[in-house]
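Peer 1: Using the sequences plus the hints, can you model the full thing?
Taking mature numbering (1 follows the signal peptide of the UniProt record, and there is no 0), I'd label the letters of the sequence shown as residues -28 to -1, 1 to 485.
Keep in mind the hints are simulated off the structure, nothing from the lab. We treat Cβ as the ideally placed atom computed from N, Cα and C, and that holds for glycine. It is possible that some hints are incorrect.
As the list claims (entries may be wrong) - Computed Cβ-Cβ distance ranges for the label pairs, DEER-style:
#, residue 1, residue 2, range
1, D477, G322, 16 to 26 Å
2, G425, Y75, 48 to 58 Å
3, L173, D146, 26 to 36 Å
4, T461, T221, 31 to 41 Å
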Amino acid sequence: MSNLSRRIFILGGLTTASVAALQLGATAQPSAAASVPFPFTLGVASGEPDDNSVVLWTRLAPTPTNADGQGGMPNADVTVDWQVSTNQNFTTLVSSGTFTARYAQAHAVHVLAGGLAPDSEYYYRFRAQGFISPVGRTRTAPAPNTVGRDFTMAFASCAHYEQGYYTAYRRMADDRPDLILHLGDYIYEGGATAGAVRQHLGSEIVSLADYRRRYALYRSDPDLQAAHAIAPWLVVPDDHEVENNYANTVRADSSPALTAAQWTARRTAAYQAYFENMPLRAAATPSGNSIQLYRRVRWGTLATFHMLDTRQFRDDQACGDGMKVCADADLPARSITGAAQEAWLLDGLGQHLSTWDLIGQQVFFARNVNSAGAMNMDAWDGYRGSRARIQKGIIDRGVRNPVVLTGDVHASWGNDLKADYANPSSATIGSELVCTSITSTGNGSATTAIPNGSLNPHLRFYSNRRGYVRTHITPSQLTADFRSVATVTEHGAPATTARTFVIHDGTPGLADA
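Peer 2: Structure, rendered in structure tokens:
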């Protein structure tokens, strides 16, 4: 960047592009005289906040869905400038620098912006190739030994592009939360479906170029961009970021047909593309066909997020997967987390770092049995020894406020966690909040009758609409609003609160608001 261009950027920008960028999350438009196309088509994002730093993300992609996965960028590295300010006009800078966006990483940008104050709100933006990006809003966590302000956290999962519009993401952005969790199935791997609300490009994704192109398609959506621009995110994948219902190195289906080497290459490509497209710290940089994703994130002494990975280390689903009556699911040696992650979780829960221990993970945790006695082998019901050890650990370690946050099942659920699910009068030891999907399975229905509720009295709430969960967390209580939209096959529906629960400090289980 020339000295003059850098001075204009620092002063807040004088071009058409920079004026548009001052509107939070808005796409900065290139000037008519631009000799290169606008590179910030995928918006901006932030994530992984601690008390003095946050990851800032963007990806340069002037034509994002090009088949080669490179987004229309040349085979060359590009310098990207970045700024963090206390205001949207960028009149007071608190951090800035440059980053080299590399062709080999599809020109993804991961900046660790440090030197920030705890428990504070900031705005950030990028500049590359003569253009200024949209502006994003982010914030830091409180200092580890302080409670900090009460805060709002929203979480979501399962955003099948073909099955609807991302209205729920837009409504999350409207709420202006302090933090957003995404609990998996950010993309779906399948090919284009005739007659869908929107269509994937191409066939089922397998190669690195395929995965990059799929992320670019999803991230081109303005509602998703708005949700990323409004708050920092914590993310964990589930299965569709690679392939439906895969377990560690075991495939759940045989289509498309892949050799062992091709399956390894597919996982490698999927993990690389996930890292490239998420605001993750360098510790999550993939190593071959593995990626380190389970981690702990502190929010002062108010909350600790234990983010789990229930795909990479799990045993294969018992009895061939699906809804089954399956004695093998009770085998103590079976694990959904792997031994190392299980020990890490129990150790973290035992440290009593915060008032609220929030376990962000992918699949249904509480027992959910149907009238035939069958349970879902892909969920914790298929790994009952794993669940029993975690729940025993919660009891033995005196975890005061354990709350499991879950995605995957395309419906909202509110659950009490029981010491013994076979005995409804046994102690309630925690709570589970299950967010519905953003779009997956379409509009759903207005039903709130709990499926098999008489067989599972600890399951307290059910809704089959699309949406998300919004929580407000204080030292004395966690309030959970199950937010829903009536339609995703049409764009722009309002969000309403289907049900609100309160979890009181020191009193496990869901209480009516």
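Peer 1: The structure should be examined with respect to each hint, and the outcome stated for every one.
Peer 2: Here is how each hint holds up against the structure:
no. : hint                    : verdict
1   : D477 - G322: 16 to 26 Å : holds (19 Å)
2   : G425 - Y75: 48 to 58 Å  : holds (54 Å)
3   : L173 - D146: 26 to 36 Å : holds (29 Å)
4   : T461 - T221: 31 to 41 Å : holds (37 Å)
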